[in-house]
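Chemist: As given, the protein sequences belong to chains A and B, one line each in that order. Residue 249 in our numbering sits at position 249 of the first sequence, with consecutive numbering throughout. One gets our numbering by counting positions in the second sequence from 1 and adding 312 to each.
Hints may be right or wrong, so weigh each one.
In silico lysine to aspartate or glutamate, DMTMM-like type, Cα no more than 20 Å apart, as pairs [as the list claims (entries may be wrong)]:
id, chain 1, residue 1, chain 2, residue 2
1, B, Lys604, B, Glu583
2, B, Lys358, A, Glu280
3, B, Lys604, A, Glu211
Bear in mind the hints are in silico, worked out from the structure with no lab data behind them. In this text the structure is predicted, and so the values were computed from the model without any measurement.
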Amino acid sequence: MTTVASVSEETDGGPYALSHLDALESEAVHIFREVAGEFERPVILFSGGKDSIVMLHLALKAFAPASIPFSLLHVDTGHNFPEVLEYRDRVVAAHGLRLHVASVQNYIDRGVLKERPDGTRNPLQTVPLTEKIQSERFDAVFGGGRRDEEKARAKERVFSLRDEFSQWDPRRQRPELWQLYNGRHAPGEHVRVFPLSNWTELDVWQYIAREGIELPEIYFAHDREVFQRSGMWLTAGEWGGPKDGEVVEKRLVRYRTVGDMSCTGAVDSDATTLDAVIAEIAASRLTERGATRADDKLSEAAMEDRKREGYF
Amino acid sequence: MTSTTEPTEPLSVEQLSATTLLRFATAGSVDDGKSTLVGRLLHDSKSVLTDQLEAVERVSASRGQDAPDLALLTDGLRAEREQGITIDVAYRYFATARRRFILADTPGHVQYTRNMVTGASTADLAVVLVDARNGVIEQTRRHAAVAALLRVPHVVLAVNKMDLVDYKESVFAAIAEEFTAYASELGVPEITAIPISALAGDNVVEASAHMDWYGGPTVLEHLETVPVSHDLAHCHARLPVQYVIRPQTAEHPDYRGYAGQIAAGTFRVGESVTVLPSGRTSKVAGIDLLGKSVDVVWTPQSVTLLLEDDIDISRGDLIVPSKDAPPTTQDVEATVCHVADAPLVVGHRVLLKHGTRTVKAIVKDIPSRLTLDDLSLHPHPGRLVANDIGRVVIRTAEPLPLDSYADSRRTGAFILIDPADGTTLTAGMVGESFAAPQPVKDAAEDDGWDF
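In isolation and in its complexed conformation, chain A is listed as follows (with noise of 0.2 Å):
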């Protein structure tokens, strides 16, 4: 494992300044440690997307050269990428860790949930997490969300607590005072711990570039059969499109977030390399979850009322 945290004549702020990423990593170690001393069964949330692989990196590096004290837990929406199930199941067995699957798919063959019309299985995944978090009586669940995403995220504490029915009051949040943060909860209560509040998109893949981590090949420019709804590039497939008029073609496509394929759009990109990536996004007039989540747009609080229910 590399770390670049050398002494910079480059930064304006003397020889003991940290550049900005070297800073954002020390905070985010030290929020995972944290919940390391403080909690009995923590857990983090891992999609196999970006962020929750940058998560995972620094929770290796926060306890090096020991093993990572946290299990994973994914929850399968029963539409996923291939490519990124099998990165998920890689990275498992790499790092030997143990792994929790809360299955969508599993709730609506129980008839427990029903599927929505618009085929989106997003909205469904509050019910499988929530309710495993109960069953295996985790106490912190670590998610990789960004106050940068989203006003009503932009709102969210680094230690979330969340009430035995996993809901977000955003009126009756704890302040947050310098690095001291309260993971103090009851039986049932369990906090939502976020050790990237702090990142941007641009900080995340620059990370990802300076660390030299490997990523999910969706995330890079690649041909991809694709059909247009609702303004984005939607992967066909048996979760319900393309429908009656959608016309599937193949473009260079790649994806700046992974989710459920219902929901996560496509960007028309040729950026094959980390640097193209970053370039992109650096120049982009777009954010990550408008260019390609049709999830938020559902309402101007969208957001805000999926995490009062206990979305992540």
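Start from chain A and add chain B according to the hints.
Modeler: Chain B alone, transformed into the frame defined by chain A:
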């Protein structure tokens, strides 16, 4: 547009990674134009993207407003949009070629002073907004006092709405002089006054064409160039132990590392250290910086120390240089800001979290409550309610190694927690009060406390 904010070519990963991070907080009264200033900083640094702006335009139009309401960018909660006010701290992110910024956007409402305390606790700089037509008002003095209390190293006075006073130098000079005198008396180490119009864009990102009498930096230029690192040579080195790393594997059978984020100063291999509160001593045998062995580390790096001797150390202990150990005490005197809705009362049993250690404690006395408007003290108020600032005396169940907040914002700070439901009650700063206060007022003279 200055060349520092508009890179003509994309920067390389190395260039982007080398930029430093500045954390700052904004404070201003309701109609001082804080949202407009924040909106302009975000907008002119190209941090507002098309889809966000479209959403703002859509909502503004549906409400019948003529122009996009930039406050909608920052008011993220349903209740905030409904009421048109900011009720909670939000964190914003933007960048220029020189620096990355984390902005704690704190509400200006009087009853949310605790939120300014929250935002200021991690800030290297605070921007205090003043309406040029109104000058320094009570709320301005409160903001200056909170910035001084929290020991924010740099304060910017942004005298806004200069367009509404004909860009007159005399108006700006009078406000700057009054504020600087007041803030200096409070102990604010560095004050920079800038005349601006957030609405018209004067001196926010681009230099104003209307105020050629002003020769200083724009707000953004100042944010880009203000130094962020502190003089570490004079800092007491402190490492609160967060977690003990013991792999117990064939490869690392005897590895025992003390992990934590350095709260202040530097640590070097070979240095003699003392572990508090036990007082045991050893030497630094090695330092791991996230998996890589190094000789020297400094704040705020997250590190792992290896010691020569196998001594009993666990989470909550503090590792310090043997030649520079703080005293340990069970009697804490501090200035606090009460942040919970339920009051803090003498006799309360609480938990105190300091560094990585949480101990039982009891509130022994509340000697005074501070009136931020005139810095006068109200003696023995008996209780502190939400947003009150006061002096407290606390007895802890175990000894704590405490620095004065004046020496260290990390190891001089603590929070009080309600042991029953885990609520964060109070933000605490150890040591003498922050400023030379006025003589204690007679209780009868205290004519109401409005926050």
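Chemist: List, from low to high, the hint numbers that the structure doesn't satisfy.
Modeler: none
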